[in-house]
Amino acid sequence: EVQLVESGGGLVQPGRSLRLSCVASGFTFDECAMHWVRQAPGKGLEWVSGISWNSGSIGYADSVKGRFTISRDNAKNSLYLQMNSLRAEDTALYYCAKDNGHNFDYWGQGTLVTVSS
Amino acid sequence: QSALTQPASVSGSPGQSITISCTGTSSDVGGYNYVSWYQQHPGKAPKLMIYDVSNRPSGVSNRFSGSKSGNTASLTISGLQAEDEVDYYCSSYTSSSTRVFGTGTKVTVL
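Residue numbers (our numbering), protein chains in the order written: chain D, -7 to 109; chain E, 59 to 168.
This is chain D alone, in the form it adopts within the complex (with noise of 0.2 Å):
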């Protein structure tokens, strides 16, 4: 059964960082690409950022591009989201989501992170 378990949000004020993981389970991490994906309270998704299988191709929102990075580790079948600089329309709830060439075929249950001083 694939799993995927997302940790590290939590309250946080402006302008500071946060490290996001998420662990997988389930599948062969180490031949799948990534992504994290957010939704604001009430609003509509969001694809945040997405890493290939081998963290040779990454790719970000323009609206997180410059504060945010992503990486993995394969060998811990983990995916991580430094975001630094956060602001209070970083608010949201923030999943990881499995690539399957294209789409995202299964999805955690998200972490929340909540920007406000």
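Don't read these hints as lab results, they were simulated from the structure.
Hints are supplied without guarantee of correctness; some may be wrong.
As the list claims (entries may be wrong) - Listed below are the simulated DSS-like cross-link pairs for lysine-lysine, each with C-alpha atoms no more than 25 Å apart in a straight line: (1) D:K35 / E:K164; (2) E:K164 / D:K68; (3) D:K35 / D:K57; (4) D:K35 / E:K105.
Given the structure of chain D, go ahead and fit chain E onto it with the hints provided.
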């Protein structure tokens, strides 16, 4: 990276068919056969319903179907049921090798 355009809401009576549109550009929807659709229940993670425009993952009801014409993709739900009354999002691969989601559509079963 503008969001793909979906109608905010679509409604239909039980047993009817409804179609949700997803309009993008030639740099995303129109340029690739990599449109996918997701169903999201309140408080739950999205679920993949259609991938690569018209393919259904194992376990997804054949009442759900997808298509594309030009820069617009569509999700059709036939034989509408009360359980279909949730939110739906489209997504596409883009020419920048990124992904983009639609604005989301709330389906109402009358």
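So, going through the hints one by one against the coordinates:
1. A C-alpha spacing of about 12 Å is found between K35 of chain D and K164 of chain E, which places the hinted pair at or below 25 Å, so the restraint holds.
2. Under the criterion of a C-alpha separation no larger than 25 Å, the hint pairing K164 of chain E with K68 of chain D is inconsistent with the structure, at around 38 Å.
3. This hinted pair checks out: K35 of chain D and K57 of chain D have alpha carbons roughly 21 Å apart, not beyond 25 Å.
4. For the given pair, K35 of chain D sits about 17 Å from K105 of chain E by alpha-carbon distance, which is consistent with the 25 Å threshold.
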